[in-house]
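Enquirer: Join the two chains into one complex using the hints; note that each chain is given alone, in its own frame.
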Amino acid sequence: MTTLLSLENLNYGYIDGSKRRVILDDLSYDFKAGTFYTILGPSGSGKTTLLSLMGALEKTQGGTIRFDGKSLDDIGYSTYRRNHQAIVFQQFNLIPYLNAHQNVLNVMHITENDLPEDKSGTAMKLLERFGIVESKAKRPVSTLSGGEQQRVAIARALATNVKLILADEPTGNLDTATQKEIVRIFKSLADTHGVCVIIVTHSDEVAKTSDVQLRLKDGKLIEQSKGATYAG
Amino acid sequence: MYFLTRAVAYLKKQKSKTILLSVLFFLIANIVLAGLSIQKATETATVLTRQEIGADVVYTVNSSQLNTDYRNGLIDATVDKTTLPGIPLVSNANLLLNSEYVSSVDYVASYEATSETLTPYTVTVTATTSTSSSGGSKIILGTYEDNGDISFRTFSRPEPSDFSDELAVLAEGRFATQDEIDQGAPVVLIEQTLADLNGWIVGDTMTVYPTTDGYEQVAMTYEIIGIYTTQEVVDDRTLSSTPSSLLAQNRLYTPFNTLVTMGLSTEEIDQIILSKAVITLDDPIHVTDYMAAIEGLIPLTYGTIDANDDVYETLAGPIETLGDLSSVMVWIVVIAGALILSLITALTINQRKNEIGILLAIGESKAKIVTQFIVETVLIAVMAFTLSVFSGIQIGQTISTQTLDVFLTPEPTVETVVPQGKGSKVTVPTETIDAPEVDVKLDPLVLIQFFGAGLLVAMISVAIPALYVTRFNPKQILTNNG
Ligand SMILES: Nc1ncnc2c1ncn2[C@@H]1O[C@H](COP(=O)(O)OP(=O)(O)OP(=O)(O)O)[C@@H](O)[C@H]1O
Ligand SMILES: [Mg+2]
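As they're listed, the protein sequences go chains A and B. Going by this note's numbering, the first residue of the first sequence is number 1, and it counts up by one from there. Going by this note's numbering, the first residue of the second sequence is number 1, and it counts up by one from there.
Calculated from the structure, these hints are not laboratory results. Hints should not be assumed to be uniformly reliable.
Stated by the list, open to error - Computed list of lysine-lysine pairs in BS3-like fashion (alpha-carbon distance at most 25 Å, straight line):
1) Lys-366(B) to Lys-70(A)
2) Lys-208(A) to Lys-187(A)
3) Lys-59(A) to Lys-366(B)
4) Lys-19(A) to Lys-220(A)
5) Lys-163(A) to Lys-208(A)
6) Lys-138(A) to Lys-17(B)
7) Lys-119(A) to Lys-12(B)
8) Lys-17(B) to Lys-368(B)
9) Lys-136(A) to Lys-15(B)
10) Lys-59(A) to Lys-353(B)
11) Lys-13(B) to Lys-119(A)
12) Lys-138(A) to Lys-81(B)
13) Lys-136(A) to Lys-12(B)
14) Lys-13(B) to Lys-136(A)
15) Lys-180(A) to Lys-136(A)
16) Lys-138(A) to Lys-12(B)
17) Lys-13(B) to Lys-368(B)
18) Lys-32(A) to Lys-163(A)
19) Lys-17(B) to Lys-59(A)
20) Lys-119(A) to Lys-15(B)
21) Lys-366(B) to Lys-119(A)
22) Lys-138(A) to Lys-13(B)
To be verified - Computed list of chain B residues with no C-beta within reach of chain A, every gap over 10 Å:
23) Thr-5
24) Ser-63
25) Tyr-70
26) Leu-84
27) Thr-177
28) Thr-207
29) Ile-269
30) His-286
31) Val-333
32) Glu-355
33) Leu-360
34) Ala-361
35) Ile-362
36) Thr-401
37) Thr-479
Ideal placement from N, C-alpha and C gives every residue a C-beta, glycine not left out.
Pulled out of the complex, with its shape left as it was, chain B reads as follows (with noise of 0.2 Å):
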């Protein structure tokens, strides 16, 4: 073990290489750990945004391309909607809850229900054409005439989907549960405007004459067990295109198996056209291996199936592409550094000739040479690694959150449109996406498997040259005529 002795005087004896090769390995280890860092912190930013984005796939349809379709005359306008191909119908639907990964979902359906007994809420604008107008794309469920005095929307979990999109604020009583909802008990959640138009409180009753296809006008009796506001904003001219049972404040939250209770059959149920399916996955990160895993069930002529890759992508994209340009930085460092350090190596080996003569002329193993050097090596490696930990780490920091910062702060807004019946559309606040907060901590078993790779890395760079020693004959380099 003498040859950590001699490691050791050797390192303090040539202090300007022992300092020249600390500083390399210093510098190297900077900017690897800086490199990790960044690469750490994208890595933990594209996670954030895919969970901020969240976990929901939309199952809707693709209006766009049924307009475009209708106004090209390759459809009809009386054409028999369920026909069309991938249609968000409840039988399309239910085809994409097969998957390990679905945690929930939630069917969106409207119809539109008559009273003789409640006051619709309404509103006095300049609307001379109101129903006219409309006479569109008819795409969604429900009556085609005016006739409705409120509408339904179902929902098939506890929190429907306008609520959990901030859309609808529950105010008083209570969601309904799972139990309501799988036995389709007749219980609403109604809006506060209504509410007060009517003098109803939770706990109430209110009777209607739904107007859903396939169902003859009977008598419904709902509950009451919820009031909430709207947050939906119209503008004027939506307003006016709008008929008023379609408004939101005449709207019904109701469970989907409703439907069930008002005596339709699982037929007549399969062939409904859903406005949307919110499926919920388990957790975001299974986004990507969900929607793999249902591409080609349903032929998406006329539906989409979205996650929110778009904004995914436009979030994501530039931190991948710093976490791709970090990772070749971290790659062309660590070779050049290997590359330094061999030469380093050969280059005082041919200087250190005499030295290792006098080491074999006494019987040294040439093993132990080799692993002298690597030892000298390994020591100023763990010192500058040692020290750079501190450094690193804080440069890492610093320069993934200025990086970071820039990419995501424009926060990105998605708008939302939310389709209506009738084809038309109401846009609602726009949903804002926080740019992540990333910390970037680079957790112990990274700082190991640098320290580890690092010394590899050293140990190999100064081995291979040294493995020249092998080469060499003690009586060429100790006598005056080698």
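Bound-form chain A, shown alone (with noise of 0.2 Å):
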């Protein structure tokens, strides 16, 4: 498998009150396309600190990250994050006042990547996939359950064809059938699709079904134990 991210020695702090708190301290880890890694850690460890310099929502204080070996500065933020990646959140962070067909196309419109020429149909397959049928689509998307907005913001993540998804949290509202199913999905789309997932969670459940199990520890990150390892 080839490294798609690439941490080189990344640091992050807050000033709280006089003095710095350290966050990540000088971490370094290759993500590999194809691979589901799960990012486990005690609250205040610093994962949503780390999922979100990963997708480039906040700049680095010290290292580098590379997508495809090339820095995010070269890319551009906006560009990289139009067009390389989709962060799904705890929260679903979906636009309140567009239904789950229009928050789709939304991110279809605004990358750069090559899409099929039918956006609108595309869009409404992949909602389907999910179970978000045409009825649910083109219905305001607060009047969607927690799990049917998550697999509208899991499909919104997919939309734009990247090769790299990180959520933080996503199963955190969801009961534990709805959170089986989003991880399967997950899981599916890196043994399937060469895309490279990357999970922040809580749960040792969920931990458990991916390829690469990640603790974020003195702000640096540890492999737990690797799942088995993947032709080709």
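Expert: Next comes the structure, spelled out in structure tokens:
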């Protein structure tokens, strides 16, 4: 597997009162394509912070993040966000005045990636794949259940054909059955679409299903265990 | 271009905000359009007023100054009037013609004439001392003794000023041609009464002895080309003090250049004191410019140059004030509207923080996010402005018509005093100036400008607070500890 996202000596800290609190300390790690990663770690250890850096929602304070060998600074933060990655949040973060279909279409119009001509039809098919039928897709997103909204968010993440999907506790607000289903979707993305999926979670259940379990501890990422190696 | 879809979706979803903004825009647009209509109306009204008053500039003697100085002994009764500074000598009046705005001029001078053959018109009033009473300021060219039977009044354009002013109306015949005027052809317009008394008709000739200074009394034969009726009303008191030769009925209009024909030299003509020179400009609009251009050419101690400015000021002053007020109103409303819009935008942007964070996280550019906000406002503005064009013009029309009515209704009157020989005065029917009919339709160009400027102001009012999004950090917005 080739390295898709590489973190090199990341440093990050917050000024807390008078002194600086270190969150990420010279953190380095290479994430590979077609692999499903989970990141565990105690609350406040810096998981969300790390994910924001990988999603270019924020700039690093030291070190370099490379995507496909190119640093994010070279790619451009906004370009990187619209063409190379997608984030799924615990709060879904759908645009409230757009329906599910429009939320998906919106990112398809923003990205510069090659997409099928029929964006509307493609978006609808994608939603249907995640159980959002047309009648639901045309409803205001606020009338959808949490699980349904999260599936819309995942459809949105996949709509732009990005190679990197980041998720911050995507199942935190969902019941066990829905949680399992969502995890299964992520796993199949990595397995069959060659996508690099990185999920921050508190759940050991979820962690167990991943190819690589990581733990964020003392500002560094440590591999806990490695699942089966993949051919090809 | 998906930001367009987003903008429309947002407006549909946020119905109350959309309606509120529409109403705001609609109200502002109405006030602005009403203001613009009023301004337009006042502009038109001032121009019309100027036109109504006319393009005539009259150079005449300042008789009140002359009389005051005479009473105070500053000038002597025996003084040579032609040496008085500013007196309307022909040479002075000539100085006023050197302007591109002058389209024609009428030199009005008077001289008397005697005749053994004609019968002048006389009135029988109980006037016992008619000759001695007028020994005061003899300021008009002419004889100082009551030795004329009739009087001539000169003109130097086909329609003499008295006819333009409707003091005299041509009843038969014609006016002199410009050729006759230029050549000083001895042609006359005579009053109906005099014509009847003498049995004259158009085409007849008459022979008289003019008695003007510098002219040896030689008989002059004039051809009658027209007969007019006078409109002057003279009260008995004035009548009693007016020599009969100066009565309107005994007045003959003849070209100014007949003085040349009579043999007066250029120097003598330059020294003639005009009762007035009426200078007509090409356009009333140029009166102000013309007055500025001729300022200082003549020391106006004993002369006045008047363009009915007082009447214009009386009429146009309040209208102009109204126009100024309405333009202040438009500015206040526009500024207040812009501030309100900015405030609303600033507040909504804070409310829409989450949405902005999401858009940033999925890679939308900040420029397009700002554009979306602007488009939302522009859509509302276009809708509201379009509606307001109908109502605003209506309101403007109503307000303008009513206000202008109030300002213009007590129709001002101008009392015209015609200076006569021997210092007597004849009051003629007062001239009324009609309040101009004002059509306040805004022309399409103004509407386009209103639309353009309105949209521009709206866009700027939204863009400035919206630029705040460039300071937004999606991580802080979207994560729990943001
Ligand atoms: N803007 C900020 N200013 C100051 N401190 C911050 C800021 N954002 C995060 N922190 C601190 O940094 C640490 C790491 O935060 P982060 O959100 O990355 O933790 P986390 O691992 O995601 O925790 P959780 O599991 O509870 O979500 C926390 O102690 C947090 O209080
Ligand atoms: Mg977190």
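Enquirer: Was Ile-362(B) rightly flagged as not at the interface, with every chain A Cβ beyond 10 Å?
Expert: violated, 5 Å
Enquirer: Below or equal to 25 Å on CA atoms is what counts here, so check Lys-138(A) against Lys-13(B).
Expert: Distance of about 14 Å is within 25 Å: holds.
Enquirer: Quick check for students: does the CB of Ser-63(B) sit more than 10 Å from each CB in chain A?
Expert: Label holds. Min Cβ-Cβ 82 Å, cutoff 10 Å.
Enquirer: Since Leu-84(B) was said not to touch the interface, does its Cβ keep a gap of more than 10 Å from each Cβ of chain A?
Expert: holds, 87 Å
Enquirer: Holds or violated: Lys-119(A) with Lys-12(B), Cα cutoff 25 Å?
Expert: Cα-Cα ~23 Å, so holds.
Enquirer: For a C-alpha distance cap of 25 Å, please report whether Lys-163(A) and Lys-208(A) respect it.
Expert: holds, 22 Å
Enquirer: Could you check that no beta carbon of chain A comes within 10 Å of the beta carbon of Thr-401(B)?
Expert: holds, 46 Å
Enquirer: Check the non-interface label on Thr-479(B): least C-beta distance to chain A beyond 10 Å or not.
Expert: Its Cβ does come within 10 Å of chain A, the nearest being 5 Å, so this is violated.
Enquirer: Please work out if Lys-59(A) and Lys-353(B) have their alpha carbons no farther apart than 25 Å.
Expert: holds, 20 Å
Enquirer: Determine whether the non-interface label on Ile-269(B) survives the test: each CB of chain A must be over 10 Å from its CB.
Expert: holds, 89 Å
Enquirer: Quick one, are Lys-119(A) and Lys-15(B) close enough, alpha carbons at most 25 Å?
Expert: violated, 28 Å
Enquirer: Hey, Lys-138(A) versus Lys-12(B), does the alpha-carbon distance stay inside 25 Å?
Expert: holds, 14 Å
Going down the numbered hints, you'll see the structure goes against 12, 19, 20, 23, 32, 33, 34, 35 and 37, while the others check out.
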